[in-house]
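Protein chains in written order, with the working numbering: chain A, 429 to 761; chain B, 429 to 761.
No lab work stands behind these hints: they were computed from the structure. For every residue, glycine included, the Cβ atom is placed at its ideal position computed from N, Cα and C. Zero decoy hints are in this set.
Dumping the calculated SDA-like pairs for lysine to any residue here, alpha-carbon to alpha-carbon at most 20 Å:
hint : chain 1 : residue 1 : chain 2 : residue 2
1    : A       : K458      : A       : D745
2    : B       : K624      : B       : Q591
3    : A       : K656      : B       : A664
4    : B       : K606      : B       : P629
5    : B       : K624      : A       : M674
6    : B       : K738      : A       : D647
7    : A       : K624      : B       : D485
8    : A       : K646      : B       : N698
Simulated DEER-style distance windows between Cβ atoms:
hint : chain 1 : residue 1 : chain 2 : residue 2 : range
9    : B       : G477      : A       : M655      : 38 to 48 Å
10   : A       : A737      : B       : Q508      : 46 to 56 Å
11   : A       : K702      : B       : K624      : 17 to 27 Å
12   : B       : A718      : A       : G545      : 54 to 64 Å
13   : B       : G559      : A       : V730      : 27 to 37 Å
14   : B       : Q508      : A       : K468      : 40 to 50 Å
15   : B       : K551      : A       : M655      : 23 to 33 Å
16   : A       : D700      : B       : M655      : 24 to 34 Å
17   : B       : K624      : A       : P461      : 40 to 50 Å
18   : A       : C759      : B       : G477      : 29 to 39 Å
Protein chains: 2
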Amino acid sequence: MRKIVLLSPLLLSCVSYAASNPVDPLSAWKETPVKQAIEKWVQESTRDGSPNYIPLDKRYVVFDNDGTLWPEAPLTFQLQFAMDEIKRLAPVNLEWKNDPLVMAVLNDDFKTVAASGDKGLLKLVALTHSGMTTEEFSHRVSHWLDSHKNRHTGCRYDQLGYQPMRQLLDYLRANGFKTWIVSGGGSDFMRVMSQKMYGIPPEQVIGSFALTEFRLTKDGPQLRKTMKGAFNDDKAMKPVAIHLFMGQRPVAAFGNSDGDLAMLQYTSANPDYKTFEMLIHHTDAIREYAYDSHPPASGKLVDGLALAAKQGWSIVDMKQDWNRVYDPELCRK
Amino acid sequence: MRKIVLLSPLLLSCVSYAASNPVDPLSAWKETPVKQAIEKWVQESTRDGSPNYIPLDKRYVVFDNDGTLWPEAPLTFQLQFAMDEIKRLAPVNLEWKNDPLVMAVLNDDFKTVAASGDKGLLKLVALTHSGMTTEEFSHRVSHWLDSHKNRHTGCRYDQLGYQPMRQLLDYLRANGFKTWIVSGGGSDFMRVMSQKMYGIPPEQVIGSFALTEFRLTKDGPQLRKTMKGAFNDDKAMKPVAIHLFMGQRPVAAFGNSDGDLAMLQYTSANPDYKTFEMLIHHTDAIREYAYDSHPPASGKLVDGLALAAKQGWSIVDMKQDWNRVYDPELCRK
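With the rest of the complex left out, here is chain A:
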């Protein structure tokens, strides 16, 4: 082997892929029917000669992000970023100071921010996610990650990926599946941390977006973020985005809210393969939050629970099915 390994880093990755792993790759999952269902589906879809075999070039699996791979309660991390950015930028944007929404943010008046609804959120996004180059925006997100910790856990935001889901991503990739994020979060925001947190490269991150504007400047060609052509990657728009970006139907879909149902329905209707669908049910008030079945909670899961029972989709009860929520190696509380 050595001679060939030396030929290229590509080979190295292939060989490590093949190396047998004595540790349970899903050790953060309890030995419950949910874990068994995942393992059974993966084995059936990857074993040569299996009636449910899925060819390598069709092994595309999609994951929601907020509430599925990392927390979304009490408010999404991206909204927290937007509010922290408003605070950072307010001193140099004096014209903001008469804006009640901005003032609410500066005063940590979440009630007023929440009451401002989608219109208010869109405004906070416009103030913090447009008007700069794509590089500048990435720098701002990186700087925010380096300079802020999540107040509920004391951890960096990019240390809060759910360990069972991060193991699941690795396990699926080790079995030849191509893992994608399909989330209401912004692509440009998620792409800053997706490789490090989840091992998912930027092009496999599908999120909400608005168009950039190409300009030739004295500093060279630039792409500036605008709010034009805003696309909200949620609900019925998730299958639309999957077709647009991936160009084929997934064979598995993982979500946590009614906003993910269209994505799961589209996946489960794959005409060619036996698919797998899973919904993360936030039931753990101690280790995380129990909120999703009490509308109008953010990320509510009501229709989803009913549909899952009918369709035979797996429901993860965080309290019952996960040994751990976060990776203790990443952040010791």
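Mind docking chain B on chain A? Use the hints.
Leaving out everything else, chain B in the frame of chain A:
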């Protein structure tokens, strides 16, 4: 090796990747400075310890399609498809028969079709590229490929990829580059043939698009093609699309017309790596067409020739730099 090769199809591909190839992988290219420039850049960017080394996860290269990977003259193959579809569908769309543009298509009156301009083209696209499910559209494109031959060559349309460019795609992938199409053609159209013709999977095909509409029907969830949110992936929109779909700046860009300049400018301004840019100059009136420097020819290349000289981009003179245009194994003329 055998033991490990048997472990997985993935490994097999990795090993074949490593297999040394005695044949010149760029045999369709003449031994000219252009070929030498490609080989030099690839060697410098992949050799460990080279000052111009590019890490594997940054080796993203983008190719225009029409006029770069396959012909676009005298009219693009996708416009030919649209016109053939109008002819196929006219008998069952009686309301079309009073439409002068449709009549022009039915009478092969290219002059009137061309004179209808972008507005006319958009109408032909609307009539043939919207109103059906994404699956139905793919079937129609496949059926068209199976039932029509290109009148100028007598070959199937999907046999007309330029052999030198198909070799270049293979050569780049063999060196760890991820190859992408970034074209004004429609993504849904190109994705039907991109894997077979170029070895490029659907998600690495970025093209013009319009949004689909997700519907729950008695036949299950469907995506129907519409004309909403139409995005024309040309000129300044190419870098916009590259950022949106790929999420990072390419290290090489290959095009053939002034419509590709923004993509090449955006690539050449990559702040981190020594990039490579190339323009295909259609100079071969015998084996293909000589048209691109005589505006208002389609795919005109005028500003591009001037800019390439200034920027040191490679210009492929099809007549001088290519041994062959098409692959004789695919279609014998």
